[in-house]
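*Asks:* Each chain, letter by letter, is given below.
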Amino acid sequence: MSHSVKVCNVVKKYDDFVAVDKISCEIREGEFFTLLGPSGCGKTTLLRMIAGFNSIDDGEIYFGDKVINQIEAHKRDIGMVFQNYAIFPHMTVYDNVAYGLKARKVPKDQIEVKVMEALDLVQIKNLKDRKPSELSGGQQQRVALARAIVIKPGVLLMDEPLSNLDAKLRVQMRTIIKKLQKDLGITTVYVTHDQEEALAISDRIAIMKSGKIMQLDTPADIYKRPRNTFVAGFIGTSNFLDVQVRYDDKMNTFIKVEGGLEYPVKLKRKLETAILSIRPEQFIINGPDGRGIPGEIQMYTFLGDFANYEIKLPGGQVVEANEYTKDIDFVRAIGDRIRLDFDPEKISLFDQEGTEAYLW
Amino acid sequence: MVNEQSIAGKIKNHFNFWNITKYLFIILLLIFLVYPLFAIIFRSFYNTEGEFTMKFYKTFFTKAYYYRTLINSLKVSVLTTVLSVAVGVPLAYITSRFNVFGKKLINLLIIMSLMSPPFIGAYSWIMLLGRNGFITNLFEKIGITMPPIYGFGGIIMVFTLKLFPYVYLYVSGAMSSIDRSLEEAAENLGSSKLRRVFTVTIPVIMPTLAAGAIMVFMSSLADFGTPMLIGEGYKVLPVLVYEEYMSEMGGNANMAGALSVVIVFCSTAVLLIQKYVISRKNYVMTAMRPPIIEKLSMAKRILLTAICMFVAFVAFLPQIVVVITSFVKTSGPIFVKGFSLESYEKIFYKLSKNITNTFTFSIIAIAIIIVAGMLLSYLIVKRKSKINSFLDLLIMFPYVIPGAVLGICMLVAFNKPPIILSGSAAILIIAYVIRKMPYTIRSSSALLYQIEPSIEEASINLGVSPMKTFFKITARMMAPGVLSGAILSWITTINELSSSIMLYSGKTATISVAIYTEVVRSSFGTAAALASILTITTILSLLLFNWVSKGKVSVI
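Chains as they are written, first to last, in the working numbering: chain A, 1 to 360; chain B, 1 to 556.
Chain A on its own, in the form it takes in the complex (with noise of 0.2 Å):
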């Protein structure tokens, strides 16, 4: 049956590089959990060390309470789909699904009942007999994943699943797997590159980079509260400004934009300066003679539901501001003067050395 993965401080080195610096984390019971993060972030290194393909340098990964780091990789149970299916090319739909079964010795008739379940679930029972040459990227991809489930596994691992197929076919699969997932209610393990797909599919988010997890959280919390500068940047857009900070004699502090106004916040701790991150949604344009930082805009794209600003501030850097279609009557043009407002709860506020800084 699924069971938790607990990770312990958890080490994968090549050579003198360090893949995976002392991760831990736990993947709770039945949790779609998503690892997210660049290309060679240690996301997939990870995902692989669960799955046995890699070796632990250092440190425990657990699954249930069971400490499972010498176990060979055919005895963990787990579930895996590729990021190129790896569908078995001699054999058929039905034999690809049923290879597992037959691994773990379960009688014929019910391997064809459990097999021909699994392929409705993905929907493709009548391609049972097709052989992979004759199925399409789609396809190939539902075969992969009735496969990884059919053995009811304890955790499902998924690398990059989605990558490879075409953008109309991504958003279709990826509210497939999350509904499998919520149904069987198996652990999942996915790695990802793509962040709307991430927030799309997870319950919860690790997000990767330099093999060490940057921020653990839902994806509403790590969209509206990164933690850092790059997962302020790395999710969505944000824009960084500079700000000043100033205490007054109550020890009340106030930030404050170059040619802006001045806000109260409250900080972890004392700093001169701090570094403010703001998405292009969180700002309000007024008009030139309304409050906030002045600016001009140099290009604007209609995108139909909002259009997107690209706003130069006085002191040369250029920040983007998004309008909704909905709230507005007309869109503005290049060369318009604006005042950039934003409200203080909003935004997020980090040091210089990018970690957080304010105070929820």
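In short, the hints are calculated from the structure, not lab data.
Check before you lean on any hint, since a few could be wrong.
[What the hints assert, rightly or not] Selected chain B positions facing chain A (Cβ under 8 Å, derived; list incomplete):
| id | residue |
| --- | --- |
| 1 | N461 |
| 2 | V464 |
| 3 | T474 |
| 4 | M477 |
The C-beta atom is built at its ideal place from N, Cα and C for all residues, glycine as well.
Following the hints, position chain B against chain A.
*Replies:* Okay, now just chain B, sitting in the frame of chain A:
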């Protein structure tokens, strides 16, 4: 406690299926390849009393009787290589760039002459152009005396006709993978057609051409049967090795050992030059748009077809001659008018043992080659490590060891305790496995490189152990490559002469050995019948190869 467990676990993990396989092969190769080689090197530096001496090398380099054979060998190999390039390159250019007729037939004939038993060429050309040859006699009647075929000229002719296919096949491969745009660019820059060939086409295919030329060089340096049969007074190194060993009765192979070291040194040097100087400049190319095949006017088309067909036919001629002469009536060594099956009757009475030997030994060798070749190519391709690249080097080393030399090495190593194999069938089979396995390994590896590692991981993670995964998934997917390679190993094994001639005893003589001894005894009829059996088997095997490999695996 935890630590002890994990150490025990690590040791247990280390002795998994693949590591055990790896160590097993290393031990086998050390016993059957490295030890014999060192035995012969050792022997060449010690006299019969067991004292260190350079005597044998000194003798070799000071006595003309000995060093002349090295010069002769080099002369033969260089000239054969030059001529093979001169024949092979234009032929490859014509068939890959012009719409000549019957390309498939031309290719098939050329491949068949390459894969034919090595000494059939010498034998057949003697039948045609020798002292009592068919063509010689024909010309004699009209008053023209043909120049003698024996000696230097004969060796060169037979070698060139037999080995130019290497150049042809390598170069045609390269010619058809040059992207069209490259030559178009040259043309676009104002280069004339002929100039383009010499400034773009030839330089680009140069590394491939060199690889083919090296194959010609090595094969002509190592071959024993042809110079033995047709060389007469013109002695080359492998022939000398054989004679020295046979004359040093009692198995003291000191001089033969020194000669072997010299010859292995030469071929290794050539191979290293190829590996480090030429292959560096390899221009890997995948032709997005293969080159245009030029449409010729009918007259030119017929002319070029005739040229190609003529060359291919002359190269293939020995096999036709062999089959025809096997049906000619004989009276002792003389062929007489009329056809009969008496040569076949004779061999089935007298020499059936040789036939069963060839097929039994080859089948056993191939069975071993298939299993070992699969496992070894897997180790080399999928389990890259220092030990495994050493394994790779060991396996490919027999390429540079002429068969006669390998034969002597094995004899020297295994004619005394702890392992006595001389005179047994086992020693022949081991020699075949060592010499012919590279074919299977090469074509299996080529296929393995295309199998994604995730396919195996998918199987393992579905609960099938790595060993079972290999047999259930990987082995199945490798099968076409292994099978095509095994057919090539098979063809070269049944035709093997040079190591067999050193290793056979009365009971273990093979068809090739029997052909050789029959030719020496001038019973040309029985030799032809035996050779026909080999030729026909070879042709059938090649057709099987074409069918199995579906044109995806090259014979070279």
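*Asks:* Would you mind marking each hint as holding or not holding in the structure?
*Replies:* Against the structure, the hints:
no.	hint	result
1	N461	5 Å, holds
2	V464	5 Å, holds
3	T474	10 Å, violated
4	M477	6 Å, holds
Going down the numbered hints, you'll see the structure goes against just number 3.
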